[in-house]
Amino acid sequence: MKYSALFEDEDDLFLGSPTSKLMDIVFTANNDVVRFDLENFIRRRAAMEMLLNEHFGDEFDKKVDMLMVENRDEVETKMKSLCIELMGEIVSKSE
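Using numbering that gives the first Met the number 0, you'd call the opening residue of the sequence shown number 0 and step up by one each time.
Hints may be right or wrong, so weigh each one.
Simulated pairs of lysine-lysine, DSSO-like, Cα-Cα distance not exceeding 27 Å [to be verified]:
no., residue 1, residue 2
1, K62, K77
2, K61, K77
3, K61, K20
4, K92, K77
5, K92, K20
Hint data in this document are derived by calculation from the structure and do not stem from the laboratory.
Make the full structure from the sequences, and use the hints.
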């Protein structure tokens, strides 16, 4: 994963989980920047869901749920990576 090396001991680097640090940044950063980046994140998710729906049809929700259960660790690592990526986007535009 893109940021997997940062997860070896996340408490030392982040003083909390990437998700908790993202929430801290979301609630303290410039409101316009956060809105823009969250809208972009949701827009990308909508496009990805449309692609999944095209590929898997009505079963895509079940496929996603199965993937989350069967690959819990990988999904958790990807989630942390996405949190760090979104934090970077927000912080780099807020300065």
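How the hints compare with the structure:
Restraint check for K62 and K77: satisfied, since their Cα atoms lie roughly 17 Å apart, inside the 27 Å limit. Simply put, K61 and K77 have alpha-carbon atoms about 19 Å apart, close enough for the 27 Å limit, and the pair holds. Of the pairs offered as hints, the one joining K61 and K20 is violated, with about 30 Å between alpha carbons and a cut-off of 27 Å exceeded. Among the hinted pairs, K92 with K77 is consistent with the structure: their alpha-carbon atoms are about 23 Å apart, no more than 27 Å.
Straight-line distance between C-alpha atoms of K92 and K20 comes to about 17 Å, which keeps the hinted pair within the 27 Å bound.
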